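J.: Residue numbers (the working numbering): 139 to 343.
Calculated from the structure, these hints are not laboratory results.
Straight-line C-alpha distance at most 20 Å; calculated SDA-like pairs for lysine to any residue:
#1 Lys147 <-> Ser284
#2 Lys147 <-> Gly215
#3 Lys147 <-> Arg219
#4 Lys147 <-> Arg157
#5 Lys147 <-> Gly196
#6 Lys147 <-> Ala260
#7 Lys147 <-> Val208
#8 Lys147 <-> Cys212
Since the structure is predicted, the reported quantities are computational estimates derived from the model, not experimental observations.
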Amino acid sequence: MTTLLVIAKEPVPGRVKTRLTPPFTPDEAASLAAAALADTLRAVAAAPAARRVLVLDGAPGPWLPPGFDVVPQCAGGLDERLADAFGRCAGPALLIGMDTPQVTPELLGVDFTGCDAYFGPAEDGGFWALGLAEPDPDLLRGVPMSTPVTGAVQRERLAAAGLRVRELPRLRDVDTAADAHAVAALAPHGRFAARLAHCTAGTAR
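Generate coordinates for the entire structure from the input sequences, incorporating the hints supplied.
T.: Dropping the structure here:
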């Protein structure tokens with residue numbers, strides 16, 4: 139069975155979701171990040187997995203449900219941190235971030251029968267999910283992160299390695315206020331949508 143990895147940053151004001159400020163304050167942006175992380179972890183907790191691992195920059199908080207192993211992120215760029223997360227896995231693994239609170243357990247229930255990798259493209263040109271039947275950190279090292287071509291480069295890495303890749307649905311990351319409203323509309327009953335409604339009401343006052 140698959141190991142599910144979540145790479146995340148502790149939702150500390152001024153360190154997370156800085157592109158949400160303005161219109162939101164740093165405290166509100168951090169609270170939105172915490173809600174997005176909580177929704178993400180709840181989906182992971184409900185998905186079938188051999189192991190659930192939070193690869194964290196920072197310290198765990200009340201948003202962490204039971205059943206997760208917590209390991210620190212290594213130093214270096216995001217490509218190195220993703221590579222290191224996969225390097226900790228001995229068997230099939232699927233890695234996601236904390237920016238897609240609309241993710242569902244069904245999307246995470248991957249089966250590597252007949253394929254070697256899963257790739258979940260993001261609307262901004264990156265990727266929200268990457269799964270490897272045989273984790274190889276070198277497939278990620280050197281991929282330029284947080285650019286409009288990140289997803290294309292990573293997808294080409296998989297193809298160049300001769301891997302049979304299965305595509306996951308394209309999802310929208312929460313980076314800007316417009317993203318936040320669009321994503322909340324897709325998952326209106328989640329903690330993220332509730333927190334956004336509260337922050338938006340506060341901003342309107």
